[in-house]
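One letter stands for each residue in the lines below.
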Amino acid sequence: MIHLLKKTLIIFCITISVNSSANSPANEVHVAEPIIWQLWPDSPPGGHIDLPPEYDKTKVGDKLYGGLPVIRLTNITEPTLVIYKPNKEIDTGTAIIIAPGGGTSILAYDLEGTEVAQWFTSIGVTAIILKYRVPGKAFNKDKQWLSAAQDGQRAVSLVRGRASELGIKPDKIGIMGFSAGGISVAYTTVIKERMYEPVDKYDEISFSPNYAAPIYAGGSPPDTVLPKETPPVFMVVAHDDKNMSLGMVNTYISLKKSGVSAELHIYESGGHGFGVRKTGLPVANWPQRMKEWMVRLKLL
Amino acid sequence: MILLLKKTLIIFCIIMPVNSSANEVHAAEPIIWQLWPDSPPGGHIELPPEYNKTKTSDKLVAGRPIIRLTNVTTPQLLIFKPNKKTDNGTALIIAPGGGTSILGYDLGGTEVAELFRSMGVTAIVLKYRVPGKAFNKDKKWLAAAQDGQRAVSLVRGRANELGVNPDKIGILGFSAGGIPVAYTTVIKERMYEPVDKYDKISFTANFAAPISAGGSPPETVLPKDTPPVFMIVAHDDKNRSLGIIETYKSLKKAGVSAELHIYESGGHVFGVRKTGLPLSNWPERMKEWMIRLKLL
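Line by line, the protein sequences are chains A and B.
Per the working numbering, residue 1 is the first one in the first sequence, and the count goes up by one each step.
Per the working numbering, residue 1 is the first one in the second sequence, and the count goes up by one each step.
Treat the hints with caution; some may be incorrect.
Stated by the list, open to error - Dumping the calculated EDC-like pairs for lysine to aspartate or glutamate here, alpha-carbon to alpha-carbon at most 16 Å: (1) A/LYS88 with A/GLU165; (2) A/LYS257 with B/GLU189; (3) A/LYS278 with B/ASP236; (4) A/LYS141 with A/ASP50; (5) B/LYS274 with B/GLU284; (6) A/LYS256 with B/GLU193; (7) A/LYS256 with B/ASP236; (8) B/LYS81 with B/GLU29; (9) A/LYS257 with A/GLU229; (10) A/LYS257 with A/ASP223; (11) B/LYS294 with B/GLU29; (12) B/LYS253 with A/GLU292; (13) B/LYS200 with B/GLU189; (14) B/LYS84 with B/GLU114; (15) B/LYS294 with B/ASP167; (16) A/LYS256 with A/GLU229; (17) B/LYS133 with B/GLU46; (18) A/LYS57 with A/ASP42; (19) B/LYS252 with A/ASP240; (20) B/LYS252 with B/ASP225; (21) A/LYS257 with B/ASP236; (22) B/LYS188 with B/ASP225; (23) B/LYS274 with A/GLU292; (24) A/LYS298 with A/ASP171.
Stated by the list, open to error - Covered by chain A, according to a simulated footprint, are these stretches of chain B (three or more residues, beta-carbon under 8 Å): (25) 37-46; (26) 200-206; (27) 254-268.
Stated by the list, open to error - Looking from chain B toward chain A, a few residues come up when the C-beta cut is under 10 Å (computed): (28) ASP138; (29) MET191; (30) VAL195; (31) MET231; (32) HIS235; (33) ASP236; (34) ASN239; (35) GLU284; (36) ARG285; (37) TRP289; (38) LEU293.
Quick caveat, the hints were computed from the structure, so don't treat them as lab data.
From the three backbone atoms N, C-alpha and C, an ideal C-beta is built for every residue, glycine too.
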């Protein structure tokens, strides 16, 4: 995978001119060699689906985010966890699983994956990119969300089951998801039913995370009753991101009514798909809000 | 009034130890304007003299007591000008909370004024009439609403005297201070008979910030021309976040610019004091928002 990713990046850099100063932090991310775990011991639920090779769909002329292009990976048939460890001196033992967005058709792999991982490792968190299967409809025609849900549940069980290998605390495993990455968040945080048949001993371990952060994700329908034992939830969304904030507000209301710990930041502007890039808008400082929240919850 | 306030402060300082930073706030001499040329709407109400109700046993906020003024029969504006070098022409009217029975005068007034003054904003503490029920038995909110509307009209009408841009006058209110905010932001009806030329001037604020305030009922339809709104509330402040979130929904549905931060904890009464909680950085959020809206 890392070879493929590097190849993708090389092609990407040849095809698209990116200014060098902006490009260097993105490169740094890829300099750190991640640990890679296959998510499933054999084929994923539903069996192996044959698709053309994984590739980056981004073309010259595609919309830029924070002045930079976005890697849009697709045809991911073998989901993996891409694990970035923080420096030993700052390692807090807390882990976060990061589910990139992309409408279940692609993964915004740098914008909502590696760049986010880089930020979390800088604050002492083991950052784990959930490279879930896309396009979802190729795996489940009428349930395009299902592969993201299954891969998300498996990810939490596997990370918790193998926590000692990573030097992380099994009760400090969080999950965050951007946009469609919110599927993986929802199915591990408020859904109690495992969406696949257990395949090994790791599936005996809880897939509920210890904290959750849906970021500009779809919310729950109005008046959804959420379980009281839902872990603490941190949410960020922009007011000008279509009607996205109204969905997140419904989730907030349901959490409040269930007595679940929650924090919600709705920034005046920022649109959709800002990741952790510095756009100059106040919303671009949201990672600081999350850090403060994590400190408050003794996750840092 | 300032003499009375000073006297109150002196008594207060004798009874309770106050750290020096709290004193600094009171060191800046405000300009004082009477809100009404004669008696306020409803006429003058005779009450015992204004005093600070706080007792030694009262709850502290960030380790310090709160001035709880009551029997405010003569509403005023206390205007704190920023240094000329930093003055950006924006003004903010600040309505302290206190359940319409008292004013949390330092916590939700002078301390907040000092903070905004340091950002180059002309900070104006709205010393509205309390206890509200002494003025209008069955409408204890009315005195706060009238004083709030009058405050915006008066500040806008006399903006040039203060070197304030009449299009950059905001209002911020804590808790019950949300009443003056609501009545100058989403209510279009003036709640008193005009008394002079200033009442011909719009009482609608150019930006609004209800903090720890009650929200609107579900499905309230708000005017499309509501000015931008910035809201802060703590998740653990009883059910207040559920009220303010209804306001947020109504603003969103009306297409009004809005920002809302619900912090995981912080309770109801925090002002701008440093409690060590992430919530206590909310003034930074408001500053960023004001910069974004070109108010700073």
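Here is what the structure says about each hint:
A C-alpha spacing of about 14 Å is found between A/LYS88 and A/GLU165, which places the hinted pair at or below 16 Å, so the restraint holds. Between the alpha carbons of A/LYS257 and B/GLU189 the distance comes to roughly 35 Å, so the proposed pair goes past 16 Å and is violated. This hinted pair does not check out: A/LYS278 and B/ASP236 have alpha carbons roughly 31 Å apart, beyond 16 Å. Only pairs whose Cα atoms come within 16 Å are accepted, and A/LYS141 paired with A/ASP50 is accepted, the gap being roughly 14 Å.
Among the hinted pairs, B/LYS274 with B/GLU284 is consistent with the structure: their alpha-carbon atoms are about 12 Å apart, no more than 16 Å. At roughly 42 Å between alpha-carbon atoms, A/LYS256 and B/GLU193 are farther apart than 16 Å, so this suggested pair is violated. For the proposed pair A/LYS256 and B/ASP236, the alpha carbon gap of about 9 Å is at most 16 Å, so the pair holds. Of the pairs offered as hints, the one joining B/LYS81 and B/GLU29 holds, with about 9 Å between alpha carbons and a cut-off of 16 Å not exceeded.
Simply put, A/LYS257 and A/GLU229 have alpha-carbon atoms about 12 Å apart, close enough for the 16 Å limit, and the pair holds. The suggested pairing of A/LYS257 with A/ASP223 holds, with an alpha-carbon distance near 9 Å, which does not exceed 16 Å. Distance hint between B/LYS294 and B/GLU29 is unfulfilled; the C-alpha atoms sit about 28 Å from each other, more than 16 Å. Restraint check for B/LYS253 and A/GLU292: the C-alpha separation of about 31 Å exceeds 16 Å, so the hint is violated.
Simply put, B/LYS200 and B/GLU189 have alpha-carbon atoms about 13 Å apart, close enough for the 16 Å limit, and the pair holds. Taking the CA atoms of B/LYS84 and B/GLU114, the gap is near 15 Å; set against the 16 Å cutoff, the hint holds. Simply put, B/LYS294 and B/ASP167 have alpha-carbon atoms about 12 Å apart, close enough for the 16 Å limit, and the pair holds. Taken as a hint, the A/LYS256 and A/GLU229 pair is honoured in the structure, with Cα atoms around 12 Å apart against an allowance of 16 Å.
Pair hint B/LYS133 plus B/GLU46 holds up; C-alpha atoms about 13 Å apart against a cutoff of 16 Å. At most 16 Å may separate the alpha-carbon atoms for a hinted pair to count; A/LYS57 and A/ASP42 exceed this at roughly 27 Å. A threshold of 16 Å between alpha carbons decides the hint, and for B/LYS252 with A/ASP240 the separation of about 9 Å falls inside it, so the pair holds. At most 16 Å may separate the alpha-carbon atoms for a hinted pair to count; B/LYS252 and B/ASP225 meet this at roughly 12 Å.
Restraint check for A/LYS257 and B/ASP236: satisfied, since their Cα atoms lie roughly 12 Å apart, inside the 16 Å limit. Between B/LYS188 and B/ASP225 the alpha-carbon distance is near 11 Å, which keeps this suggested pair within the 16 Å criterion. Taken as a hint, the B/LYS274 and A/GLU292 pair is honoured in the structure, with Cα atoms around 14 Å apart against an allowance of 16 Å. Between A/LYS298 and A/ASP171 the CA atoms are separated by roughly 12 Å; this keeps the pair inside 16 Å, and the hint holds.
Coverage of the segment 37-46 of chain B by chain A is violated [criterion: at least 3 residues with CB-CB distance below 8 Å; count 0]. For the segment 200-206 of chain B, the stated coverage by chain A is violated: 0 residues have a C-beta nearer than 8 Å to a C-beta of that chain, whereas at least 3 were required. Coverage of the segment 254-268 of chain B by chain A holds [criterion: at least 3 residues with CB-CB distance below 8 Å; count 9]. Violation of the interface hint for B/ASP138 is found here, the shortest Cβ-Cβ separation to chain A being roughly 32 Å, above the 10 Å cut-off.
Taken as an interface hint, B/MET191 does not check out: its beta carbon lies about 29 Å from the nearest beta carbon of chain A, beyond 10 Å. Using the Cβ-Cβ criterion of 10 Å, the hint placing B/VAL195 at the interface with chain A is not satisfied: the shortest such distance is roughly 36 Å. Annotation: B/MET231 was flagged as interfacial toward chain A, and the flag holds, the nearest CB pair being 9 Å apart, inside 10 Å. With its C-beta approaching chain A no nearer than about 5 Å, B/HIS235 sits inside the 10 Å limit, and its interface hint holds.
At about 8 Å, the closest approach between the beta carbon of B/ASP236 and any beta carbon in chain A falls short of 10 Å, and the interface hint on this residue holds. A cut of 10 Å between beta carbons decides the hint on B/ASN239: the least distance to chain A is about 8 Å, and the hint holds. Given the 10 Å rule on beta carbons, the hint for B/GLU284 holds: about 9 Å separates it from the nearest Cβ of chain A. Hint status for B/ARG285 relative to chain A: holds, with the closest Cβ pair at about 7 Å, below 10 Å.
Taking 10 Å as the C-beta cut-off, the interface hint given for B/TRP289 holds, the closest approach to chain A being about 6 Å. At a threshold of 10 Å, the smallest CB-CB gap from B/LEU293 to chain A is about 8 Å, leaving the interface hint in force.
Hint compliance for this structure: hints 2, 3, 6, 11, 12, 18, 25, 26, 28, 29, 30 are not met, and every other hint is.
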